[in-house]
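Asks: Here is what each chain is made of, one letter per residue.
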Amino acid sequence: MIEVKNLYKTFDGKNMILKNVSYHVKRGEKLVIVGPSGGGKSTFLRCINLLEKPTYGEIWVNGKLITPVDPYLHFDVIEASLTYGKLYEKSVAENPGLSEEERREMLIREIKEKDLLHEKNEGGEYRKRMKQIFAANHIQIDLARQKMGMVFQHFNLFPHMTVKENITFAPVKLKLQTPEEASAKADKLLARVGLTEKADAYPSQLSGGQKQRIAIIRALAMDPEIMLFDEPTSALDPEMVGEVLDVMKELARENMTMLVVTHEMGFAREVADRILFMADGGILEEGTPDELFNHPKHPRTQQFLRCVL
Amino acid sequence: MFENLILAFEKTFIREDRYKMFLGGLGNTLIIALCATLIGVVIGALVAIVKVYYKQTGKLKYLNAICEIYTTIIRGTPIVVQLLITYNIIFVWSTQAVAIGIMGFGINSGAYVAEIMRGGINAVDIGQTEAGRSLGLSSATTMKSIVLPQAIKNVLPAIGNEFIALLKETSVIGFLGVIDLTKAAERVISRTADVYFPYLSIAAIYLILVYGLNYLFKLLERRLAKSDRG
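Here the protein sequences come in this chain order: A and B.
To convert, count from 1 in the first sequence and add 547; that's the numbering used here.
To convert, count from 1 in the second sequence and add 21; that's the numbering used here.
Derived from the structure by calculation, the hints contain no laboratory data.
Hints may contain errors.
[Said to hold, decoys possible] Computed cross-link-like contacts, SDA-like style, restricted to lysine to any residue with a CA-CA straight-line distance of at most 20 Å:
{"no.": "1", "chain 1": "A", "residue 1": "600", "chain 2": "B", "residue 2": "160"}
{"no.": "2", "chain 1": "A", "residue 1": "720", "chain 2": "B", "residue 2": "171"}
{"no.": "3", "chain 1": "A", "residue 1": "711", "chain 2": "B", "residue 2": "162"}
{"no.": "4", "chain 1": "B", "residue 1": "174", "chain 2": "A", "residue 2": "751"}
{"no.": "5", "chain 1": "B", "residue 1": "165", "chain 2": "A", "residue 2": "753"}
[Unchecked claim] Selected chain B positions facing chain A (in silico; Cβ < 7 Å):
{"no.": "6", "residue": "148"}
{"no.": "7", "residue": "151"}
{"no.": "8", "residue": "155"}
{"no.": "9", "residue": "156"}
{"no.": "10", "residue": "157"}
{"no.": "11", "residue": "158"}
{"no.": "12", "residue": "159"}
{"no.": "13", "residue": "167"}
{"no.": "14", "residue": "170"}
{"no.": "15", "residue": "171"}
{"no.": "16", "residue": "214"}
[To be verified] Label pairs and their in silico Cβ distance ranges:
{"no.": "17", "chain 1": "A", "residue 1": "770", "chain 2": "B", "residue 2": "165", "range": "22 to 30 Å"}
{"no.": "18", "chain 1": "A", "residue 1": "813", "chain 2": "B", "residue 2": "239", "range": "48 to 56 Å"}
{"no.": "19", "chain 1": "B", "residue 1": "77", "chain 2": "A", "residue 2": "633", "range": "54 to 62 Å"}
{"no.": "20", "chain 1": "B", "residue 1": "81", "chain 2": "A", "residue 2": "670", "range": "29 to 37 Å"}
{"no.": "21", "chain 1": "A", "residue 1": "550", "chain 2": "B", "residue 2": "77", "range": "27 to 35 Å"}
{"no.": "22", "chain 1": "A", "residue 1": "600", "chain 2": "B", "residue 2": "48", "range": "23 to 31 Å"}
{"no.": "23", "chain 1": "B", "residue 1": "136", "chain 2": "A", "residue 2": "643", "range": "51 to 59 Å"}
{"no.": "24", "chain 1": "B", "residue 1": "91", "chain 2": "A", "residue 2": "685", "range": "48 to 56 Å"}
{"no.": "25", "chain 1": "B", "residue 1": "239", "chain 2": "A", "residue 2": "801", "range": "43 to 51 Å"}
Heads up, the beta-carbon is just placed ideally off N, CA and C, and yes, glycines get one too.
Starting from the given sequences, assemble the full structure and let the hints guide the process.
Replies: Here's what the structure looks like:
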């Protein structure tokens, strides 16, 4: 359902946050991503709906490419180019000592920075080839995001709207639902999380746990096919964590596709189909909760789990 | 003493219906300040959006450059010089001094409002934009319906100050021959040779206007703050 290929993310050109991450999320899968802070889990999640722009890599959602139509984002396109071949031979002759990996990264960066992929270097068929690769399968990010709900650590409810306006605003504005439909749906969702009486309250009048439950149903009001959770309980007081996790567990039972970045290991163990352990900008280990929690293989995972469990 | 005051009042306001001159002047002052603030807010918001959009996405490079030049020139030269240039050079063929004054003050105010608005937009948590975009809203809709309402609430006190500053600044419109409140006082003085009463009177009128406006803005702020109640 979501395919991430060769995802790289650097900030300011040097801070490498994600390094060649690839993963395929299947429909209905409950994927929990754990790992130390700064390991790239949030960035990975935020790249999936392009809140962060990948430096390289492609992201496919339901068979549609959502990353921009830009050949420089695609490693295999760069590597398959005539320019790469020429530079590669030159580099081998000049710097025989480099490892394959270093050489590859150096060349790709050079081609991107100097903007070398164009008609003149690549021959007349270039544009046609690019069209075949991209244009046919590309989907506008705003459209793709309508089917991907996102829940943030800090809720990000709209403070100038009531709870109900928060929930109905996007579906009505995007003409996916009439105001009446959206209102009825909001009532149903509010009842589901037990916050019916808060419909006309403003976010500032709610507790953290209530805000996060509203944020979840605001995303659900769009009828998403997948939900992304970015540390949804990290900003909550401990006694409010449970009420938010309960809503998420219920969603999981309804077979929503979910990607959850969290430090709640109990939740991960209970809900996840698969767990990714991310650290140092990559997926170091993946497996079922049993495999990962009870028989971790990578020393980095073992060390992390010793600290949190 | 008291009789002198009454006499001065009579001389300044009643004789030859001079109060009409003051009323006309007051009308011009208010019209220029009000219209110029409206123009200023519109220009300011547009310029601020262009600048913020450029900073976020790198698009609109040329429009952003124009906006930079605009704010630099306007904020780097005196308003009187700007008005004189507009009236005597750019619109030399026109005698609509009030309209030109409105435009001059509006364009001037826009540069200041732009900086205020930019600060206001930047002060809105980036998470608001992310939440809007993650729901599938376009960047324009997110800006218009999510970010701007919050930004305007943030900057309302500053916009109020700008309006008040503008109201007082309009007293230089006399350079274009427009009879505003200040010019009206000068006209009367040229007849009566009494400087005390007219000047102190218009000072009082300005003060009352500013005080009243302050009060109105406070009310508006309180209304807009209704979503803040905890």
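Asks: All hints, please: hold or fail.
Replies: Okay, the hints, checked on the actual structure:
Using a Cα cut-off of 20 Å, the hinted pair residue 600 of chain A and residue 160 of chain B holds, with the two alpha carbons roughly 15 Å apart. Restraint check for residue 720 of chain A and residue 171 of chain B: satisfied, since their Cα atoms lie roughly 18 Å apart, inside the 20 Å limit. With a C-alpha separation of about 19 Å, the suggested pair residue 711 of chain A and residue 162 of chain B falls inside the 20 Å cut-off, and the hint holds. With a CA separation close to 15 Å, the supplied pair residue 174 of chain B and residue 751 of chain A stays within the 20 Å bound.
Of the pairs offered as hints, the one joining residue 165 of chain B and residue 753 of chain A is violated, with about 25 Å between alpha carbons and a cut-off of 20 Å exceeded. Proximity of residue 148 of chain B to chain A holds as hinted, the smallest CB-CB distance being about 4 Å (cut-off 7 Å). Annotation: residue 151 of chain B was flagged as interfacial toward chain A, and the flag holds, the nearest CB pair being 5 Å apart, inside 7 Å. Interface restraint check for residue 155 of chain B: the shortest CB-CB distance to chain A comes to about 4 Å, inside 7 Å, so the restraint holds.
Nearest Cβ of chain A to the Cβ of residue 156 of chain B: about 4 Å, under the 7 Å cut. The hint holds. Checking residue 157 of chain B against chain A by beta carbon gives a least distance of about 4 Å; that is within 7 Å, so the hint holds. Look at residue 158 of chain B: its Cβ gets to within about 6 Å of chain A, closer than 7 Å, so that hint holds up. Checking residue 159 of chain B against chain A by beta carbon gives a least distance of about 6 Å; that is within 7 Å, so the hint holds.
With a least beta-carbon distance of about 6 Å to chain A, the hint placing residue 167 of chain B at the interface is held under the 7 Å criterion. Hint status for residue 170 of chain B relative to chain A: holds, with the closest Cβ pair at about 5 Å, below 7 Å. Satisfaction of the interface hint for residue 171 of chain B is found here, the shortest Cβ-Cβ separation to chain A being roughly 6 Å, below the 7 Å cut-off. For the restraint placing residue 214 of chain B at the interface with chain A, the shortest Cβ-Cβ distance is roughly 57 Å, beyond the 7 Å limit, so the hint is violated.
Under the hint 22 to 30 Å, the C-beta atoms of residue 770 of chain A and residue 165 of chain B, about 24 Å apart, fit the expected range. Roughly 51 Å separates the CB atoms of residue 813 of chain A and residue 239 of chain B, a value that falls within the hinted 48 to 56 Å. Between residue 77 of chain B and residue 633 of chain A the beta carbons are some 37 Å apart, a value that contradicts the proposed interval 54 to 62 Å. For residue 81 of chain B paired with residue 670 of chain A, a C-beta distance near 34 Å keeps the hint of 29 to 37 Å intact.
The hinted range of 27 to 35 Å is satisfied by residue 550 of chain A and residue 77 of chain B, whose Cβ atoms lie roughly 28 Å apart. Between residue 600 of chain A and residue 48 of chain B the C-beta distance comes to about 54 Å, which lies outside the given range of 23 to 31 Å. In this structure the hint that residue 136 of chain B and residue 643 of chain A lie 51 to 59 Å apart at CB holds, the actual value being about 57 Å. Under the hint 48 to 56 Å, the C-beta atoms of residue 91 of chain B and residue 685 of chain A, about 37 Å apart, miss the expected range.
For the hinted restraint 43 to 51 Å between residue 239 of chain B and residue 801 of chain A, the CB-CB distance of approximately 50 Å keeps it satisfied.
In this structure, the earlier hints numbered 5, 16, 19, 22, 24 are contradicted, and the remaining ones agree with it.
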